[in-house]
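Q: What follows is the residue order along each chain.
Protein chains: 4
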Amino acid sequence: MAHNSFGKNISITTFGESHGQAVGVVIDGLKPNFPLDLEFVQSEMDRRRPGGNSLGTPRKESDTIKVLSGIYQGKITGTPLTMIIENTNQISADYSNIEDVFRPGHADYTYFKKYGIRDPRGGGRSSGRETSARVAAGAVSKLYLKEAGIKIEAAITQIGNIKLDKDEIKWEERTSNELYCPNKKKAESMAALINDLRDRGDSVGGIIECRITGLPVGLGDPVFDKIEAVLAHAIMSIGATKGFEIGEGFNAATMHGSQNNDQRNSEGFLTNHCGGTLGGISTGQDLVFRVAFKPTPSISLPQRTVNKENQDTTVVIEGRHDPCICPRAVVVVEAMSAIVILDLYSQLSLEAN
Amino acid sequence: MAHNSFGKNISITTFGESHGQAVGVVIDGLKPNFPLDLEFVQSEMDRRRPGGNSLGTPRKESDTIKVLSGIYQGKITGTPLTMIIENTNQISADYSNIEDVFRPGHADYTYFKKYGIRDPRGGGRSSGRETSARVAAGAVSKLYLKEAGIKIEAAITQIGNIKLDKDEIKWEERTSNELYCPNKKKAESMAALINDLRDRGDSVGGIIECRITGLPVGLGDPVFDKIEAVLAHAIMSIGATKGFEIGEGFNAATMHGSQNNDQRNSEGFLTNHCGGTLGGISTGQDLVFRVAFKPTPSISLPQRTVNKENQDTTVVIEGRHDPCICPRAVVVVEAMSAIVILDLYSQLSLEAN
Amino acid sequence: MAHNSFGKNISITTFGESHGQAVGVVIDGLKPNFPLDLEFVQSEMDRRRPGGNSLGTPRKESDTIKVLSGIYQGKITGTPLTMIIENTNQISADYSNIEDVFRPGHADYTYFKKYGIRDPRGGGRSSGRETSARVAAGAVSKLYLKEAGIKIEAAITQIGNIKLDKDEIKWEERTSNELYCPNKKKAESMAALINDLRDRGDSVGGIIECRITGLPVGLGDPVFDKIEAVLAHAIMSIGATKGFEIGEGFNAATMHGSQNNDQRNSEGFLTNHCGGTLGGISTGQDLVFRVAFKPTPSISLPQRTVNKENQDTTVVIEGRHDPCICPRAVVVVEAMSAIVILDLYSQLSLEAN
Amino acid sequence: MAHNSFGKNISITTFGESHGQAVGVVIDGLKPNFPLDLEFVQSEMDRRRPGGNSLGTPRKESDTIKVLSGIYQGKITGTPLTMIIENTNQISADYSNIEDVFRPGHADYTYFKKYGIRDPRGGGRSSGRETSARVAAGAVSKLYLKEAGIKIEAAITQIGNIKLDKDEIKWEERTSNELYCPNKKKAESMAALINDLRDRGDSVGGIIECRITGLPVGLGDPVFDKIEAVLAHAIMSIGATKGFEIGEGFNAATMHGSQNNDQRNSEGFLTNHCGGTLGGISTGQDLVFRVAFKPTPSISLPQRTVNKENQDTTVVIEGRHDPCICPRAVVVVEAMSAIVILDLYSQLSLEAN
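Protein chains in written order, with our numbering: chain A, 1 to 353; chain B, 1 to 353; chain C, 1 to 353; chain D, 1 to 353.
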């Protein structure tokens, strides 16, 4: 296995799996002499941890951050910053009935075929637990970005068929509910739907929208590392994602140039159909993109599958799973965005005209 | 500027801009002693070149491939394979009226702000011409993949509001028309729409679907280099793309786990909602993804913009532009896919269990 | 700070500094299902640890390896293998008299000028302690190489002016003494010299020779990643190294082509002046190279220097330092060599003709 | 084959082999709006080209630089700068007698074993001709460094047993002779020795010393990318190099700490034993290193070898070869140094405290 690192000037390397001692991250390339607000990092961890919201798994893990290196007297030294989350609540018994079968919608089958390993306890590196390391790195990135005036906020805009129209999005209501849904009322319907599916042993997908504000003009490169290309890479590397679109996204396919082009005058752009990027480089407008998440594959309804000997069988996945991935994924989307934006931002100094 | 290379084990580096002597590509990491079918490479170039189809720009360029290195007695030696396309038909006069203004929907503004350069003749590295180098590299990649039994085919499934439903897609009709539209009849409507918009000085967007068949299980890594993440990066690095989705894509947001999970029996998967990837690793099923393209930004209707001194002005973009990018982009989508798949395929040998 | 990773297909990322919680390493890219002999890894750590030999510092540290990730039921899973060594014996008092001055021959001055940090407790990332993470990674690499029949052994062949001539090197005597000196008798003189310099508060340099046996033909690339170039990079990245030479090395400057060329017949090469590499690619012969180490900069004789305010001062470095770096560096040279060779070896599968 | 690129923030990719159309280089990452002095680049090419000095091969090649991309109105645009040298004087007949045998001291054997290719016409990518692309990239790098006040000069200080002692080095005499030998008188002896060996059909090795002046404090990273490590990598990637040392180099092995440490006062360092680097980071002093070159392997004396069927044979290498590589290698050493230093220099902006 390879490619457990991401980023160019500032890179993160994550490690750890559910069954091991710890998951963690090494961040390389940070500027020195920057104060690390560990409380903020922990608060971001709490947004993602199992048991952190009433709509997700009741399984509780504390996800406490511990710093191994890179700090001296409260400040980031610029040396590799290593943070780990020790594994504490691993109830292996949960997985006893599935250790020989490939769960539908999971990485079990492909992982086994590729590596010859069938680790039933949470999926090895394919486990959602790996994203806790990304959230830690994202939190640190956000701190640096905050100083540069850049803010990253994601929100749920669709769960199943409950969808916010553009004029229903009220960003100020985003933190009024556990779903980070920017419409308090629709949030209630979404919560009801999620709870209903939990009761039925099923699950549901959704869409997360992310907005990045305060960006300068100039992030991204014109060819392979367009800002939307690097973001798409980062976002689609989060498990369960099935789509990425920026600005008008798939809707742009239906538009005419005269509708989609963002005209401008001396005071700025008149519209933002492009979502904050032209030619792969940030325009200085808000960067706006959306991510599609599939329904959680772990459901307790019976499903057809095979075991390691390729014999037909039926599996019922017990245990305490999230009926919808989105509530806990909001902070992961923000984290991967922060990691990308900080990397591109740091690169500006290299490229100054 | 940086990051003009893409790929890990097999990498491509593209160079060249519209105003220069040539555009080209260096491919590094190819296996030696493989015959190079240059006629095939040229035929792929012809699919992309300006003037290559009746629905695009009438501007004709020959886009003839010339090999500078990496070949000996008709075979790829494994040393860097360099191919160039010399620039021949550069009518600078076309651009005289726009040299001081920023064209809406183009990279002009961001490129100028970032690099201090406003090169009116075709957009520097942001020019669509850069993709000719990708097509050359993609053609070589396809030759290697063909030997491995892997085939990559893209098709237009939507132009504006003319859209193929799933049951209207007849893959065998894909090569019956210039649009690579897998429905002969709808292709005619699409062509009419494109011609209509050309007459009105406007343009239109569309969607390209790509199918990759013959893949083994095991391409892609479980964390940052999931097959869909690397593909999304590659595809979103093509100019004018606004979205990427795989399998059910954004539709997965509306589904339940019981609907979206691909169950299986001893003979294989029963459905392919996932689009050929689980946990970021290819399942051996067809890989199916879709790409949204925005309408061509170059339109001849008057648009509001500013000049380099940030004074309000109106621009009318003359010249011979494609009213829809999609017909020429089909082969570019295939090319970037081929480059990604060959890179991941070559990596299998590194990872064997 | 950046570039705390090394390697291409198999990469190591080290982290940690003397004052922190731990130093450690993440190894990415290992093949799965390989048994990890942790006792061997620990035995390699013991060869490097402070207090591990009678000629070095009497400061004792246990340097116990702890695995955080990448192991399941005793086997390497192929996921990132993370090993840490927790810091236990950090007596900060040792450094109180030097916290404001730049020690001659140390990184203090350059590190402070570059990062604005003067961490007196052991030099931050410039500390020799960082090499413990390399030794752990090197030990794991050696285990994989052993299975491939490749062996790496280093030895001290010079301390100060006490030097082994070619005919004095008896490789079988290499493990008869703490210096890994392949001549038992000269080892005694070297030990006496080291102890004499310790008594005088001074230090001395030396040369380490490394031999790699069992290599196949074909490691290394013809251009930038010649095997000797990658080895030179790896070896010169060890602190206190001042030179690297392979085969005849600097002596080749004095030779004629007719003397230096290695002729061959059907049974193989007749000589090995080249040191096992031609055109940057391993010949299948023994790879033989030498590394020059400078004398330990920490000496207790008074030295002229300046403080952080650039005022003239004199410094006397107390504490328990190694009068010669070489004895503890032998295993570090082996470790970096093992990391390089495993990386190049794994790449063979990518390059097969 | 892979790894035909070098560098991190600014990278070069070289391509081409003796038998092909051209050799060339793509430089990625240059800052825009910098004037390209093509005459200077050509003058550097002339220092390396065959026939450029009376002591080398009488084979003449013009090595004319042609720019394919990256320039607009005489200025570097920051887009990939591609320069090629077309192959003109390829007399294949020269190689007819050696096409089936492995020349001693050449890459023929290892290259064939690795890639299954025996290209007699100049050694494929192992040909010295590949270095012309490096010289072009080095020349461009020198132009950028010159503006930063950094100068790179190399000189021959030893040919065979003719060696300059420290007090014989008179840097101002370096350009008085074709050997770039900083001692006019010794240069004559060296020239006589080279001519003598040519007459005898033999060859000889030598040492090149390189001095870099005007460096700021702070180039290089403390761990894997120490300035001396990256330089060693770059330099040892030049064909025929056998050793690299910096500052006191191998002599440091004989020294005591009290002799080797560079003490300082408020006006600066009192000595420069370290060669301009402490802890892998430039001190602001002159960077001084030496490179050992082996004797040219192409000699016309009969040598024992085997053919592709591993049958014993004798080879006499005819043709017009350099009896000593060093005179043409001086500019190559400078070029690789310039490429490294520019890369590290550009990185300073990323790392600012």
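Check before you lean on any hint, since a few could be wrong.
Same chains, same names: a pair is fine if it fits in one copy or spans any two.
With a straight-line cut-off of 27 angstroms between C-alpha atoms, the simulated DSSO-like cross-links for lysine-lysine are [to be verified]:
id, residue 1, residue 2
1, K60, K151
2, K113, K151
3, K8, K31
4, K66, K113
5, K60, K163
6, K31, K308
7, K146, K113
8, K113, K8
9, K31, K113
10, K75, K113
11, K66, K163
12, K8, K60
13, K75, K308
14, K8, K184
15, K170, K308
16, K185, K113
17, K113, K166
18, K8, K185
19, K170, K75
20, K308, K66
21, K166, K308
22, K163, K113
Source of the hints: derived by calculation from the structure; they are not laboratory data. All figures in this text were calculated on a predicted structure; none of them were measured in a lab.
Q: For each hint, tell me whether it holds in the structure or not.
A: Now for the hints, and whether the structure bears them out:
no., hint, result
1, K60 - K151, "neither (29 angstroms within a copy, 46 angstroms between copies)"
2, K113 - K151, "between (41 angstroms within a copy, 22 angstroms between copies)"
3, K8 - K31, "both (14 angstroms within a copy, 18 angstroms between copies)"
4, K66 - K113, "neither (35 angstroms within a copy, 30 angstroms between copies)"
5, K60 - K163, "neither (30 angstroms within a copy, 46 angstroms between copies)"
6, K31 - K308, "between (48 angstroms within a copy, 21 angstroms between copies)"
7, K146 - K113, "between (43 angstroms within a copy, 23 angstroms between copies)"
8, K113 - K8, "between (31 angstroms within a copy, 23 angstroms between copies)"
9, K31 - K113, "between (41 angstroms within a copy, 14 angstroms between copies)"
10, K75 - K113, "between (45 angstroms within a copy, 18 angstroms between copies)"
11, K66 - K163, "neither (39 angstroms within a copy, 49 angstroms between copies)"
12, K8 - K60, "neither (35 angstroms within a copy, 39 angstroms between copies)"
13, K75 - K308, "between (50 angstroms within a copy, 20 angstroms between copies)"
14, K8 - K184, "neither (39 angstroms within a copy, 46 angstroms between copies)"
15, K170 - K308, "neither (49 angstroms within a copy, 36 angstroms between copies)"
16, K185 - K113, "neither (46 angstroms within a copy, 42 angstroms between copies)"
17, K113 - K166, "neither (44 angstroms within a copy, 31 angstroms between copies)"
18, K8 - K185, "neither (42 angstroms within a copy, 47 angstroms between copies)"
19, K170 - K75, "neither (37 angstroms within a copy, 49 angstroms between copies)"
20, K308 - K66, "neither (38 angstroms within a copy, 32 angstroms between copies)"
21, K166 - K308, "neither (47 angstroms within a copy, 34 angstroms between copies)"
22, K163 - K113, "neither (38 angstroms within a copy, 37 angstroms between copies)"
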